[in-house]
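Position chain B relative to chain A; hints supplied.
Protein chains: 2
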Amino acid sequence: MMSINNNFKNGIVIIGAGNVATHLSLSLKKNNFSISCIYSKTLHSAEKLAGKLNTDFTNDLDKIPKNADLYVLSIKDENILSVVNNLNIENGIVVHTAGSISVDVFKNHFKDYGVFYPLQTFSKSRELDFSNIPICIEASNQDVKNKLFYLANCLCKSVYKIDSEKRKVLHLAAVYASNFANHMFAVAADILDQADISFDLLKPLIKETVLKAIESDPQKAQTGPAVRNDQNVIKNHLQMLNDNQEFEKIYRFVSESIFKLNQEKNK
Amino acid sequence: MMSINNNFKNGIVIIGAGNVATHLSLSLKKNNFSISCIYSKTLHSAEKLAGKLNTDFTNDLDKIPKNADLYVLSIKDENILSVVNNLNIENGIVVHTAGSISVDVFKNHFKDYGVFYPLQTFSKSRELDFSNIPICIEASNQDVKNKLFYLANCLCKSVYKIDSEKRKVLHLAAVYASNFANHMFAVAADILDQADISFDLLKPLIKETVLKAIESDPQKAQTGPAVRNDQNVIKNHLQMLNDNQEFEKIYRFVSESIFKLNQEKNK
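Chains as they are written, first to last, in the working numbering: chain A, 1 to 267; chain B, 1001 to 1267.
This is chain A alone, in the form it adopts within the complex (with noise of 0.2 Å):
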């Protein structure tokens, strides 16, 4: 028999049934917390989550359960006000896993509040271990900080207190070192697919790039023509580039970043 965790015993509700509800209710049953209910508008989502979960769910914020002990909104950033002007409970930790809104959006709704931010990429098909993910948490006040952290030490090996300040930043930079460099991925793909080029090739290079940034420093680690300014490979590149203005543009910047980069470290 599953024994629930004494923490939170009067049930977590989950808003939203998105990816990264679904990675952090799954979660959170795992380590045996109660989720009491998940919330969706689109009630086919939360059915499905639910179901995952074999809990109650409902597309109504009026039904879900006014007594739970913590309220996750996971939701887009641009529904989250409209939740919060919506969302009638009688007590409970609310918190958001938005990495660029502000835990200020509760203030003056909740006495209660923070925010539980866990730095990954999320897509609902692939299996995630929580326990790797790191989790920043910022609390409205040291009691709510206390269980934020005892819930997410439950979850995953790394809990940061992080402010919504810092978190911003967290954030933009997290752009740049998944969705930017994803896209470098992307753009490396289409460029040999339009020459019949299999993207296996490169996949042990991806792989020890990767390492090289991780384990050492990324800007200590750069290869390549931009950072020797090998002109000559820069040109020909740019050339070969001719026909792809937005390519070209990209090779264009960042080749020059990574020169002024260097230049500036080097100094």
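These are calculated hints, taken from the structure and not from any lab test. Fair warning: there could be bad hints in the mix.
Stated by the list, open to error - A partial selection of chain A residues facing chain B, derived with a Cβ cut-off under 7 Å:
#	residue
1	A173
2	A189
3	L192
4	N266
Stated by the list, open to error - The list that follows gives simulated cross-link-like pairs (lysine-lysine, DSS-like), each with its CA atoms no further than 25 Å apart:
#	chain 1	residue 1	chain 2	residue 2
5	B	K1203	A	K265
6	B	K1161	B	K1111
7	B	K1207	A	K161
8	A	K166	A	K111
9	A	K76	B	K1111
10	B	K1203	A	K168
11	A	K235	B	K1166
12	A	K124	B	K1220
13	B	K1066	A	K203
14	B	K1066	B	K1076
What the hints assert, rightly or not - Computed footprint of chain B on chain A; a stretch qualifies when at least three of its residues, placed anywhere within it, have a C-beta under 8 Å from a C-beta of chain B:
#	region
15	125-138
16	141-153
17	174-183
18	228-235
19	242-250
20	256-264
For every residue, glycine included, the Cβ atom is placed at its ideal position computed from N, Cα and C.
Using the frame of chain A, we list chain B on its own:
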């Protein structure tokens, strides 16, 4: 006792003592090929690498063995032509290891020649398992092709026959996938550094980003504000980058490119 590989039994001469020359020659030795000489115009570099291989070295092209079976040019692109013009050998195959230089650089100079291009990012200070590195070969005739194929197969699991045109495309794609992706990590590290946040926080995100890209399709794996066209977040991020024109420019253009590529692919 080490048994010398019977192919290439007259030895292999390595021209160059940089990152690629170092890793490649060490891997050749490990696979029982006989390295008969290391040449570098910097005598100290030649001596250092020759020491690791327990072989001869020189900084005088006239003093390298004339009867070796293979001459590997692992030098800067701009120095290849000058070595080609000054390399006086009896016979033996001459290859270079460069991504962007056509095999034709050897035409009219040697009878047997080719390209031996290991697709990887090399640093002297990092150990590398050559067996996971794709090697792209090209050759002036079938006999040379067979010999290079045999050699490559001794070192690694994946050998590809890639002509000069395709190799150039591959090199261009590799610049995006390795140098440019790495720069995105470097920018992220720089942004965090300025806010006194540890780069460690991003490492699980970076690892998962790469696994996703490798295991599926990087374009389909894209997440974040740009692909969602979330103008609120994008506007906020650009504001935060106000005092860094370089990073702001990259943010703007890469975000636009992510959105456009996504629209094209979903047409």
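Status of the hints after comparison with the structure:
1. A173: Status holds, d = 4 Å.
2. A189: Since the shortest Cβ distance to chain B is 5 Å, the answer is holds.
3. L192: holds, 5 Å
4. N266: violated, 13 Å
5. B:K1203 / A:K265: Distance of about 22 Å is within 25 Å: holds.
6. B:K1161 / B:K1111: This hinted pair holds, its Cα atoms lying about 20 Å apart.
7. B:K1207 / A:K161: holds, 22 Å
8. A:K166 / A:K111: holds, 23 Å
9. A:K76 / B:K1111: Given that 25 Å is the threshold and the Cα spacing comes to 65 Å, the pair is violated.
10. B:K1203 / A:K168: holds, 17 Å
11. A:K235 / B:K1166: holds, 17 Å
12. A:K124 / B:K1220: Holds - the C-alpha atoms of K1220 of chain B and K124 of chain A are around 13 Å apart, at most 25 Å.
13. B:K1066 / A:K203: violated, 38 Å
14. B:K1066 / B:K1076: Holds, at roughly 22 Å.
15. 125-138: It holds: at least three residues are needed, and the region 125-138 of chain A offers 6 whose Cβ sits within less than 8 Å of chain B.
16. 141-153: Check failed, 0 qualifying residues.
17. 174-183: Held - the region 174-183 of chain A has 10 residues with a Cβ nearer than 8 Å to chain B, which meets the minimum of three.
18. 228-235: Per the Cβ count (3), the hint holds.
19. 242-250: holds (count 4)
20. 256-264: The restraint on the region 256-264 of chain A holds, since 5 of its residues have a Cβ under 8 Å from chain B and three suffice.
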